[in-house]
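Protein chains in written order, with full-length UniProt numbering: chain A, 1 to 409; chain B, 1 to 252.
What the hints contain is simulated information worked out from the structure, not anything from laboratory work.
All values derive from a computational prediction rather than experimental measurement.
From the three backbone atoms N, C-alpha and C, an ideal C-beta is built for every residue, glycine too.
There's no promise every hint is true.
Unchecked claim - Some chain B residues judged to face chain A by a derived CB distance under 10 Å, without partners named: (1) TYR46; (2) CYS90; (3) MET97; (4) ALA99; (5) ARG105; (6) VAL121; (7) SER129; (8) ASP153; (9) VAL154; (10) LEU203; (11) ARG221; (12) LEU226; (13) GLY227; (14) LYS229.
Claimed, not checked - Okay, derived cross-link-like pairs now, SDA-like style, lysine to any residue, Cα gap no bigger than 20 Å in a straight line: (15) B/LYS229 with A/LEU130; (16) B/LYS125 with A/GLY52; (17) B/LYS144 with A/PRO203; (18) B/LYS120 with A/THR8; (19) B/LYS229 with A/ASP282; (20) B/LYS111 with A/GLY52; (21) B/LYS144 with A/LEU130; (22) A/LYS166 with A/PRO9; (23) B/LYS111 with A/LEU130; (24) B/LYS77 with A/HIS140; (25) B/LYS77 with A/LEU130; (26) B/LYS125 with A/PRO203; (27) B/LYS3 with B/GLU207.
So the chains spell out like this:
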Amino acid sequence: MNFTYPKTPSEAVSGALKMFGESHTTATIWKLSVAVLLASLAFVFYMLFTEGHAAFNTSSDGVNWGSAIATYVFFALISSGLTIIASLSTVFGFKQFYPIAKRCIWLAIVTLIAGFSVLALELGHPFRMLWAVPLGMQIHSPMFWMGVFYTIDLGLLLVKFYLMWKEDWDSPFSHFIGNAGFMAVILASGMLGLLFGSMAMRPMWFGSATSVFYILSGVLSGAAAIVFSVHLAYGFNTKNMPEPLRLLAQGDQLPKVFATLIGIVLLFLLTRIWVGLWSNIDGMEGFVALLKTPWFHIEVWVCLALPFLMMLTPSMQVDPKWQVRASFLVLLGMFIERLQFIVAGQNVPMFKGTWMNAVTPYTPSLTEWALVAVGISAALALYALGDRLFNLSDAPKVSMEAAGQLARG
Amino acid sequence: MAKWGMVIDLEKCVGCQACTVACGMENNRLPGENWQDVIFFTEGTYPSAQLKWFPRPCQHCENPSCMAVCPTGATYKTEDGVVLVDWDKCIGCKYCMVACPYGVRFYTDEKPLVAPDMRKVHEGKESHSWNPPWKMPDAREDWKHGVGIQPHDVVSKCTFCYHRISKAPKGTPDLDPQDPKLREFTPACVVTCAPGARFFGDLSNPESNVSRMIGDKRGVRLLDQLGNKPQVYYLTGDGGAVPSSRAINKKV
Numbered sequence: 001m002n003f004t005y006p007k008t009p010s011e012a013v014s015g016a017l018k019m020f021g022e023s024h025t026t027a028t029i030w031k032l033s034v035a036v037l038l039a040s041l042a043f044v045f046y047m048l049f050t051e052g053h054a055a056f057n058t059s060s061d062g063v064n065w066g067s068a069i070a071t072y073v074f075f076a077l078i079s080s081g082l083t084i085i086a087s088l089s090t091v092f093g094f095k096q097f098y099p100i101a102k103r104c105i106w107l108a109i110v111t112l113i114a115g116f117s118v119l120a121l122e123l124g125h126p127f128r129m130l131w132a133v134p135l136g137m138q139i140h141s142p143m144f145w146m147g148v149f150y151t152i153d154l155g156l157l158l159v160k161f162y163l164m165w166k167e168d169w170d171s172p173f174s175h176f177i178g179n180a181g182f183m184a185v186i187l188a189s190g191m192l193g194l195l196f197g198s199m200a201m202r203p204m205w206f207g208s209a210t211s212v213f214y215i216l217s218g219v220l221s222g223a224a225a226i227v228f229s230v231h232l233a234y235g236f237n238t239k240n241m242p243e244p245l246r247l248l249a250q251g252d253q254l255p256k257v258f259a260t261l262i263g264i265v266l267l268f269l270l271t272r273i274w275v276g277l278w279s280n281i282d283g284m285e286g287f288v289a290l291l292k293t294p295w296f297h298i299e300v301w302v303c304l305a306l307p308f309l310m311m312l313t314p315s316m317q318v319d320p321k322w323q324v325r326a327s328f329l330v331l332l333g334m335f336i337e338r339l340q341f342i343v344a345g346q347n348v349p350m351f352k353g354t355w356m357n358a359v360t361p362y363t364p365s366l367t368e369w370a371l372v373a374v375g376i377s378a379a380l381a382l383y384a385l386g387d388r389l390f391n392l393s394d395a396p397k398v399s400m401e402a403a404g405q406l407a408r409g
Numbered sequence: 001m002a003k004w005g006m007v008i009d010l011e012k013c014v015g016c017q018a019c020t021v022a023c024g025m026e027n028n029r030l031p032g033e034n035w036q037d038v039i040f041f042t043e044g045t046y047p048s049a050q051l052k053w054f055p056r057p058c059q060h061c062e063n064p065s066c067m068a069v070c071p072t073g074a075t076y077k078t079e080d081g082v083v084l085v086d087w088d089k090c091i092g093c094k095y096c097m098v099a100c101p102y103g104v105r106f107y108t109d110e111k112p113l114v115a116p117d118m119r120k121v122h123e124g125k126e127s128h129s130w131n132p133p134w135k136m137p138d139a140r141e142d143w144k145h146g147v148g149i150q151p152h153d154v155v156s157k158c159t160f161c162y163h164r165i166s167k168a169p170k171g172t173p174d175l176d177p178q179d180p181k182l183r184e185f186t187p188a189c190v191v192t193c194a195p196g197a198r199f200f201g202d203l204s205n206p207e208s209n210v211s212r213m214i215g216d217k218r219g220v221r222l223l224d225q226l227g228n229k230p231q232v233y234y235l236t237g238d239g240g241a242v243p244s245s246r247a248i249n250k251k252v
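Build out the structure end to end from the sequences listed, making use of the hints.
What follows is the structure in structure tokens.
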């Protein structure tokens, strides 16, 4: 793609508008995602103004948090994972990963914005949150700290991206922002896990391992998102990529990191289900229900075990086609995981109304699915915008030769 | 300062649900959204199955997990031991609902539990979620304490009829509805309980009737192992039981 990247805000706006008339992969994603975003947002607002949150299939009688919270968690953890992957080069000095660092940071920003947008539409009073949370200072609440750390995370991501845009890769300030961002994102994603892990009354969520799982599965989601988006940006053709990026995309280093992460998450999921089925503690019955749903098996076997094998097979791991397939499956699997984890933790009934003798069913409503579409299309639209306007494959010039050599192994 | 608590004698409770209806009328509840519920369930299998019931208001815990998780401080505990929701601070995140082990909290805007949807039949005015024909006097409405017809998109729950008990004479050990002077300060469910299975009083006063009953009759608390330490005690005697299981048979 031969573009002139805009230098001023007005050039950026005209560049975004011009994209409606262009015909390349990024422009197609932009046009489609803007259309889907407008349509789904219009539908969600219509339903919220006419039905209110009654348009959701959540209820006080069972599943209080549904697909909207799962979508928020899905995007927030992708964002955290992408920041951690960007840190491989910007914090830990693995120079071979520099060609994806800027794209990771931009994607981390847009996925966090997409996640926050979905969360805001799920909340009863999103604007009240802006003053009630800081003034409340409820330091005992994991949700309070999640908000604090994700806000800091977003601020640092924006500063880091601005510095990268200005080609400041190596100044002490840039390094400081990178280091601070890494710490903030570990705390943010860990606290998001603790938001669920603190719930002693919901044994399927309970435990500090939930935090660790959230961080690790977040990194896996981030890895899948960056593998997929790199190939998407170049029309699934590595020949279009600049050389340092092509070397990374065709090499076996990123796929090996990817495979390791899939393996860890798979092990975590399987050991969790083992403990869940074995344990007799009240409230663990949800694991039995989980095992009976086809979605659980699609997630574990199709969306994790299969990509794990793909990325371990030497011929497949360096083939962009299989990398794209594996990353798409992992992203799908992670979405299923977020939804299943959140729903299964709630649908073993506690004390409400007429005694329930079964797991409370939950299926997202059309409005809730539209909210999922809002999140995905917002992330894709902003991603396409960044891809067109900010030269996301940029990397520090002096380091690139060394990076190329490292990527070759 | 008093620490208000409730004692429910399960041997006396007949499962008539008068408490549920009285609570609904007193607190302007939507049909089906019962701040105070009586849960019916069966134990055992045919031919030796038993029908049981269990009255369940908010437990007004000593260590309420709902309060600990609230990111804004909308859920708080008063000095006299009552857990309340400030509807002016609630952002509707529902974290408290997720954290409450007793399932006693309600979100205002959900699918109607009873048809037709009373919120559409009696549409609310001035931010009220609905306009019930039997509403409490406006002077008693108090959103800071979660009292009255709740606004849109907030969480609500039993207040121990805070608008009544907070007006009780200071130092009263028990709010006994048999005493004409105290009747108007006693929670509606206690006043209406026909078999007299409910008692309300000051748990911090060892001389109160509720404290003595808890000691003499071995009062137990629901899901005590979770550490929330409810201020609602149940007297089980020989016939009653506090359900400890979620009643799902685990079959792998």
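How the hints compare with the structure:
no.: 1; hint: TYR46; in the structure: violated, 14 Å
no.: 2; hint: CYS90; in the structure: holds, 7 Å
no.: 3; hint: MET97; in the structure: holds, 4 Å
no.: 4; hint: ALA99; in the structure: holds, 6 Å
no.: 5; hint: ARG105; in the structure: holds, 7 Å
no.: 6; hint: VAL121; in the structure: violated, 15 Å
no.: 7; hint: SER129; in the structure: holds, 9 Å
no.: 8; hint: ASP153; in the structure: holds, 3 Å
no.: 9; hint: VAL154; in the structure: holds, 6 Å
no.: 10; hint: LEU203; in the structure: violated, 21 Å
no.: 11; hint: ARG221; in the structure: violated, 13 Å
no.: 12; hint: LEU226; in the structure: holds, 6 Å
no.: 13; hint: GLY227; in the structure: holds, 8 Å
no.: 14; hint: LYS229; in the structure: violated, 13 Å
no.: 15; hint: B/LYS229 with A/LEU130; in the structure: violated, 33 Å
no.: 16; hint: B/LYS125 with A/GLY52; in the structure: holds, 16 Å
no.: 17; hint: B/LYS144 with A/PRO203; in the structure: violated, 33 Å
no.: 18; hint: B/LYS120 with A/THR8; in the structure: violated, 52 Å
no.: 19; hint: B/LYS229 with A/ASP282; in the structure: holds, 19 Å
no.: 20; hint: B/LYS111 with A/GLY52; in the structure: holds, 10 Å
no.: 21; hint: B/LYS144 with A/LEU130; in the structure: holds, 19 Å
no.: 22; hint: A/LYS166 with A/PRO9; in the structure: holds, 14 Å
no.: 23; hint: B/LYS111 with A/LEU130; in the structure: violated, 27 Å
no.: 24; hint: B/LYS77 with A/HIS140; in the structure: holds, 14 Å
no.: 25; hint: B/LYS77 with A/LEU130; in the structure: violated, 23 Å
no.: 26; hint: B/LYS125 with A/PRO203; in the structure: violated, 41 Å
no.: 27; hint: B/LYS3 with B/GLU207; in the structure: holds, 13 Å
Of the numbered hints stated above, those contradicted by the structure are hints 1, 6, 10, 11, 14, 15, 17, 18, 23, 25 and 26, listed in ascending order.
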